[in-house]
Amino acid sequence: MNQVLDKIRKTVRLSARLHPIKEKFRAIRDKKLIEQAHDTVKNAYTDPRITYPSYKSFDDYIDVDHLKSLETGLRERLAPRSDDTAFWTGPYTLKLLDDRLPGSRMIELAVNTSPAANYFDLDKAEVWAPSEHAEHFPEVMEFVRTLPFKSIGRILIMYDFNGRAVTPHRDHDKTELSHEFIWFRPTLTKPFFVMNHSTGERQYVKSYSAWFDTVNQFHGADATDGFSISLRVDGKFNDELRSRIPVPDQNAASTAALWASVGDRLPT
Numbered sequence: 001m002n003q004v005l006d007k008i009r010k011t012v013r014l015s016a017r018l019h020p021i022k023e024k025f026r027a028i029r030d031k032k033l034i035e036q037a038h039d040t041v042k043n044a045y046t047d048p049r050i051t052y053p054s055y056k057s058f059d060d061y062i063d064v065d066h067l068k069s070l071e072t073g074l075r076e077r078l079a080p081r082s083d084d085t086a087f088w089t090g091p092y093t094l095k096l097l098d099d100r101l102p103g104s105r106m107i108e109l110a111v112n113t114s115p116a117a118n119y120f121d122l123d124k125a126e127v128w129a130p131s132e133h134a135e136h137f138p139e140v141m142e143f144v145r146t147l148p149f150k151s152i153g154r155i156l157i158m159y160d161f162n163g164r165a166v167t168p169h170r171d172h173d174k175t176e177l178s179h180e181f182i183w184f185r186p187t188l189t190k191p192f193f194v195m196n197h198s199t200g201e202r203q204y205v206k207s208y209s210a211w212f213d214t215v216n217q218f219h220g221a222d223a224t225d226g227f228s229i230s231l232r233v234d235g236k237f238n239d240e241l242r243s244r245i246p247v248p249d250q251n252a253a254s255t256a257a258l259w260a261s262v263g264d265r266l267p268t
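Residue numbers for the sequence shown follow the working numbering, beginning at 1 and rising by one.
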């Protein structure tokens with residue numbers, strides 16, 4: 001299993017070496033390790049109050065009008081770009097040979113500066129710094145500074161002018177790791193969903209922003225006509241927001257799902 005996790009760590013900075021056919025061979029090679037990772041998650045304890053699929057809307061905690069105003073500028077700045085990194089789902093797709101490179105592109109507006117760059121350090125502000133791309137998206141960076149974080153790590157744009165589907169996947173298999181992040185989009189055109197792998201049920205995100213469990217459930221997107229975009233910012237939520245969030249006794253990765261299922265933590 002560590003070999004698969006090492007792949008994730010090494011692809012914090014993805015490169016052109018990723019290729020769809022090579023990814024198929026890698027999946028076959030790592031089949032046993034990937035199956036073990038999925039089994040680890042399936043067998044983990046989950047609070048019985050949690051319902052999957054689920055997500056927590058963040059529209060009450062962000063400036064949605066500000067977010068929507070970013071759409072035109074993003075289209076204009078993204079349209080001429082041709083060399084952005086291919087979006088990689090990671091090895092934990094719903095089916096072993098599902099497409100890990102669905103065709104969308106990504107831009108990191110923050111780069112991991114640590115010599116030992118680690119995928120799991122998405123939320124550690126001390127190892128992230130603005131990338132060379134950040135200066136091309138000043139409106140996005142300005143919006144990010146308004147989000148309810150006390151510190152910010154990775155900042156990521158994911159986009160596709162052809163609106164291709166994004167393969168259902170889970171991000172990793174560490175059930176005791178909870179990444180605090182906000183996923184958001186300036187329009188509702190991207191048909192993004194979270195999915196209960198046991199039942200196949202999908203819940204489509206109806207809000208402009210969300211936090212969701214990326215480990216105990218799958219997530220992806222259906223194909224759509226034309227331009228689709230979403231962004232994700234990882235970090236540490238501010239204390240006011242954290243005071244609302246119920247925390248499970250086990251399986252920290254399910255924190256967002258517990259909040260979505262039971263609501264705000266009761267005052268003590």
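What the hints contain is simulated information worked out from the structure, not anything from laboratory work.
Careful: at least some of the hints might be erroneous.
[As the list claims (entries may be wrong)] Dumping the calculated DSS-like pairs for lysine-lysine here, alpha-carbon to alpha-carbon at most 30 Å:
| # | residue 1 | residue 2 |
| --- | --- | --- |
| 1 | 42 | 124 |
| 2 | 31 | 206 |
| 3 | 174 | 24 |
| 4 | 32 | 150 |
| 5 | 95 | 150 |
| 6 | 31 | 236 |
| 7 | 42 | 32 |
| 8 | 22 | 95 |
Here is how each hint holds up against the structure:
Proposed proximity of residue 42 and residue 124 is supported: the alpha carbons are some 27 Å apart, at most 30 Å. For the given pair, residue 31 sits about 34 Å from residue 206 by alpha-carbon distance, which is inconsistent with the 30 Å threshold. For the hint pairing residue 174 with residue 24, the CA-to-CA distance comes to about 23 Å; that is within 30 Å, so the pair holds. Between residue 32 and residue 150 the alpha-carbon distance is near 40 Å, which puts this suggested pair outside the 30 Å criterion.
A C-alpha spacing of about 37 Å is found between residue 95 and residue 150, which places the hinted pair above 30 Å, so the restraint is violated. In summary, the hint linking residue 31 to residue 236 is not supported, as the alpha carbons are separated by about 34 Å, beyond the 30 Å threshold. Of the pairs offered as hints, the one joining residue 42 and residue 32 holds, with about 15 Å between alpha carbons and a cut-off of 30 Å not exceeded. Between residue 22 and residue 95 the alpha-carbon distance is near 16 Å, which keeps this suggested pair within the 30 Å criterion.
When the structure is compared with the earlier hints, violations turn up for hints 2, 4, 5 and 6 and for no others.
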